[in-house]
Amino acid sequence: MARYLLRCTALVYLLLLLVLPVGLIGWRTFEHGLRPFVDSLTTPEALHAFRVTIVVALWAVAANTVFGVGAAILLVRHRFPGKRLLGALIDLPLAVSPVVVGLALILLYGRFAPLGGFLERLGVQVIFATPGMVLATVFVSLPLVVRAVAPVLEEMGDEQEQAARTLGASSWQTFRRITIPGIRAALGYGVVLCLARALGEYGAVAVVSGRLVGQTQTLTLFVEERFQNFSEGDAFAAATALALVAVVTLLLTKLLSPKGGT
Amino acid sequence: MRRRSITAVLAIALPALAACGAGSADSGGRAQLSLVAYSTPQAAYEQLIKAFQATPAGRNITFTKSFGASGDQSRAVEAGLKADILAFSLEPDMTRLVKAGLVAEDWKAGPTNGMVTDSVVVIATRKGNPKNLRTWDDLTRPGVEVITPNPFTSGGARWNVMAAYGAASNKGADRAAGVAYLKTLFGNVAVQDDSARKSLQTFTSGKGDAILAYENEAIFAQQHQQQLDYTVPDATILIENPVAIARKSAHPTEAKAFLDFLYSAKGQQIFADNGYRPTVGSQPSFPTPGRLFTIADLGGWTTVNKDFFDPNTGIVAGIERSFGVSVDKK
Amino acid sequence: MAVTETPTRERAPEPQAPPAGRPARARHRAGTGLGLGTAMVYLSLVVLIPLALVVWRSMERGPAAFWQAVRTPDAWAALQLTVLASLAVAVINLVMGTVIAWVLVRDRFPGKRLVDALIDLPFALPTIVAGLVLLALYGPSSPLGVDLAYSRAGVVVALLFVTLPFVVRTVQPVLLELDRDMEQAAWSLGAGPWYTFRRIILPNLLPAMVSGTALAFTRSIAEFGSTVLISGNLPFKTQVAAVHIFGQIESDHQLGAAAVSTVLLVVALLVLVTLDLVQRWGARRG
Chain Z
1053 MARYLLRCTA LVYLLLLLVL PVGLIGWRTF EHGLRPFVDS LTTPEALHAF
1103 RVTIVVALWA VAANTVFGVG AAILLVRHRF PGKRLLGALI DLPLAVSPVV
1153 VGLALILLYG RFAPLGGFLE RLGVQVIFAT PGMVLATVFV SLPLVVRAVA
1203 PVLEEMGDEQ EQAARTLGAS SWQTFRRITI PGIRAALGYG VVLCLARALG
1253 EYGAVAVVSG RLVGQTQTLT LFVEERFQNF SEGDAFAAAT ALALVAVVTL
1303 LLTKLLSPKG GT
Chain C
17 MRRRSITAVL AIALPALAAC GAGSADSGGR AQLSLVAYST PQAAYEQLIK
67 AFQATPAGRN ITFTKSFGAS GDQSRAVEAG LKADILAFSL EPDMTRLVKA
117 GLVAEDWKAG PTNGMVTDSV VVIATRKGNP KNLRTWDDLT RPGVEVITPN
167 PFTSGGARWN VMAAYGAASN KGADRAAGVA YLKTLFGNVA VQDDSARKSL
217 QTFTSGKGDA ILAYENEAIF AQQHQQQLDY TVPDATILIE NPVAIARKSA
267 HPTEAKAFLD FLYSAKGQQI FADNGYRPTV GSQPSFPTPG RLFTIADLGG
317 WTTVNKDFFD PNTGIVAGIE RSFGVSVDKK
Chain G
5 MAVTETPTRE RAPEPQAPPA GRPARARHRA GTGLGLGTAM VYLSLVVLIP
55 LALVVWRSME RGPAAFWQAV RTPDAWAALQ LTVLASLAVA VINLVMGTVI
105 AWVLVRDRFP GKRLVDALID LPFALPTIVA GLVLLALYGP SSPLGVDLAY
155 SRAGVVVALL FVTLPFVVRT VQPVLLELDR DMEQAAWSLG AGPWYTFRRI
205 ILPNLLPAMV SGTALAFTRS IAEFGSTVLI SGNLPFKTQV AAVHIFGQIE
255 SDHQLGAAAV STVLLVVALL VLVTLDLVQR WGARRG
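Sequence order for the protein chains is Z, C and G. Just add 1052 to the spot in the first sequence (first one is 1) and you have my numbering. Just add 16 to the spot in the second sequence (first one is 1) and you have my numbering. Just add 4 to the spot in the third sequence (first one is 1) and you have my numbering.
What the hints contain is simulated information worked out from the structure, not anything from laboratory work. Treat the numbers as computed from the prediction; the structure is a model and nothing was measured. Accuracy of the hints is not assured; some may be wrong.
[Claimed, not checked] Straight-line C-alpha distance at most 30 angstroms; calculated DSSO-like pairs for lysine-lysine:
1. C:LYS199 <-> G:LYS116
2. G:LYS241 <-> C:LYS223
3. C:LYS115 <-> C:LYS264
4. Z:LYS1306 <-> G:LYS116
5. C:LYS66 <-> C:LYS272
6. G:LYS116 <-> C:LYS147
7. C:LYS322 <-> C:LYS187
8. C:LYS322 <-> C:LYS143
9. G:LYS241 <-> C:LYS143
10. C:LYS143 <-> C:LYS199
11. C:LYS66 <-> C:LYS264
Assemble the whole structure, with the sequences as input and the hints as a guide.
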C-alpha cells in the first residue's frame, strides 16, 4: 500500500513538474508539422545564433578541457600547500549566480575597467563582443572537466605512469600514451557536460553580450528575444532544438559515465 | 612537458579569441553597420534593413542590431557598445552621447530636427475595453491597474508620464493639478518593467487593466494578434524619436546612406506600416488628437528631466520613492 | 572534492642510465610550480579577480553605502523573496527528492529506467528553455487552466524544476549501497516499515539528504533564467535577487548590483562551508 502511494506521489510530481512541461513544448512546436519548425530555425537570425552559440561553446570547452586535465593532474599527482584551497576555488563557479558572473566580468573587462581599458587600447573588445561571451561561458563551466577527470585519475593510480618514466618515456609521452587513455571515458564525460553547460548558458551571456542580434546573440538569447517579440513559434522552435541537444547530451553522459553516475 | 603544451595552446588561443571578436566587424570587404536602438521599433528596423539592402546604396552592407530599453541602450553605447546608427525613444538619450563625444553636435540640423518618427501616447486596454477606460481620469479610478514602464530606465515611460502630466495640468499651466494627478496615477501602477516592450509583454500576458503605450506599440501588438484595443486620448503628447550617426563610425558614408533611407519616402512608408507616424510627409490614417502638445510646450527635456526625473530631487523620483521603487543612481 | 597524495617514489637506477637532465624529483617540482602558476593565472583572470572586484566595488563607498544599497525597498524585497522561496524549495526537495530516489531504487515498474534518465534533464536544459517550458504549461495560455505567471507560486515552480535532480542524485547512490541486512534484522524482530525507515535507513541517508538539499538551496538563490519569464519580475512581489541584479546592471547602477551580488555570494559560501564542516564532523563520527 505504502509502496503504491510513494510511487504515485513520485510519478505525479515528476509528471507535473518535468514530463508535461517538456512534452508540451515539443507538442506546441510540432503542432503544425515539421515545416514551421524548420522555417523558424533557418532564418538568418536563427542561423547566426546557432553559429555564435557553437563558436562560443567550442572555445569555452577547449579552454576548460585543457585547464581541466591540467588541473586534475595537478591536484591528484602533485603535492603542494593549499591543494584543498585550489580545489575549493575551482568549485567556486558552481555557487555563483550567472548574472553575478556577468557583472564580475564587466567590472574587470568593461571599457572603463582596468584590464578592459587596456585591452580596448590594443583593439580587443571583450564586453559586448565574442571574447566576453567566451569568458562568461568558461567561468560557468570551469569545474566540470576537472571534477569528472580527477576522481578517475586518482582511482587509476600512477604506477603505470611511474613505470613508463623509469623506462625512459618523457612526460609528454607518458601523458599521451598512459594518462590520456586511462581517463578517456571520464574526459569524454566531462567534455560533454562542459559542452552542454556551454550551449545552454543564458544569464551570464545575457549580461555581457549587449544583445547584438546577428553578432552576439546565442541561441538561448534568441529564444528570449523571439518570445519578447511575440514570435512564439520561433522561440518554441529554438527551445525545442536546445531541449533536443540536452537530451542528446544526457544520453551521451549515460554512456560515458563512470560507474555510479554524476 | 605538458605544461609547455598547455601554455602553448593558450598562447595561440588568446590572440585567436581576440581576432574572433574584433574580426567580425568587417566580414570580407562588405561594410557592417551596427544599429543600436530602443526596444519598440525592432520589427520596423528589420524591414527597413531588408528594404535598404535591396537598394543600390545598401547592396553590400550587412547589419547587426541591438534592441533594448532606450536608457539602457544609450548607457551601453556610452560604456563601449559599438554603434554606427543610434535610434532612441527620446532626445536626452541622444544628448547623453553628444556630451560623451560619441555623436556630433549637429545631429539635429536637418529639417525634422533629427526626429525620424513620431507617435502619440495612447491608453490601451483589453479587447472590448471591459472596464471602459478611455480618458486620463478613468485611469485613476480605484481598483484600476495601470501598466507603464519605469521612467528611470525606459524612455517610453517618460513620454507616458509627461503625457499624463501635460493632460492633467493643461499643458503645464497648472503644475499642482498635474503633480496631484501623477501621484494618484502611480498609486494604480502595478508593475514597472524596464522597457516599453517588456511592459507590453506584461500587459498581454494578462497583468493589468490598461497600459500606457506608444501608439505604434499598440498597433504592433494588434498586428501580432494580441487581444487589445486602444484609445487616443484627446489630450496627449507628441512622441518624437531621434536618430543619428555615431561620430566614430567606421563607415560614415554607409551609415549616412542608411539614415537617408530612413527619411526617404520608402523608409517613412515602412515606418507607417509599422504604426509609426512619419515625420516627412503625412499619413492620413493616423487620427490627430484635439489637444496635442509637445515636450517643448512643457519646457523641453532639459527642464523636464531636471524637474521631474532627477533621481534625487525630481518630482517623479519622489513619487516613486513613496511607493518604494528604487530610483538610485550608482 | 577528496584529494589524496601520491608519493613520488624514487626507484633504484637501472643499469642503463636514465636520460640526462635534472633528477626526477626536481623536474617534478618544477612541473608542479609551473602547473600551479598556470592554473592560478587562468583561475584569476576568469574567476577570482572578477569576483573580487564585485565585492570590492560593493564596498567601495564604505559599509554604509553597501547597506543602503542592500536595504533599498526593492533590493531587500528581492533578497527576502529569494531566500524564503529557496528555503521552501529546499524543504520540498528534501522530501520529494528522497521519495523519488526511494522509488527509483526500491520500486519496480515499467518505464523506471526512462524516468531515471529524465531526472537529469533539468541539469542539461538551458534555464531560459526551462522557463519557457514552465510558462507554456503554467502560464496564461495553460492547457491545464493553471495560471501561475506573475505569482510567487510561479517562482517556486521554476526553482523546483531546476533543483529537481540535486537531492535525488545524492540520495540514490547511498540507497543503492545500503546494506539490507540491518533492515532484514529489524523486520524479523517485528519492526514496522516506518520504524525501520526512521531508525535504520534514515540515519544513513541523512548526510546525503542534507548535502543535496544544501546544493539545491545554493542553486536556488542564484537562479535567473528560469524565473525571468514566469515570474514577470514584479518588484516586491515576484522579483528574485538575480533578476534584480540584472536590472541594476542594465541601468548602470553598479554599486547596487555589486552589493546584492555580494550578499548572494556570502550566503552561498556560508551554506557550502557549513555543509563541508557538517560532512567532516559526520565523517569523523563514523
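Each hint tested on the structure:
1. C:LYS199 <-> G:LYS116: violated, 59 angstroms
2. G:LYS241 <-> C:LYS223: With a Cα-Cα distance of about 13 angstroms, the restraint between G:LYS241 and C:LYS223 holds, given a limit of 30 angstroms.
3. C:LYS115 <-> C:LYS264: holds, 14 angstroms
4. Z:LYS1306 <-> G:LYS116: holds, 15 angstroms
5. C:LYS66 <-> C:LYS272: holds, 16 angstroms
6. G:LYS116 <-> C:LYS147: Judged against 30 angstroms, a Cα distance of about 52 angstroms means the pair is violated.
7. C:LYS322 <-> C:LYS187: holds, 18 angstroms
8. C:LYS322 <-> C:LYS143: Violated, because 38 angstroms separates the two Cα atoms, which is more than 30 angstroms.
9. G:LYS241 <-> C:LYS143: Holds, at roughly 27 angstroms.
10. C:LYS143 <-> C:LYS199: The hint holds at about 27 angstroms.
11. C:LYS66 <-> C:LYS264: holds, 24 angstroms
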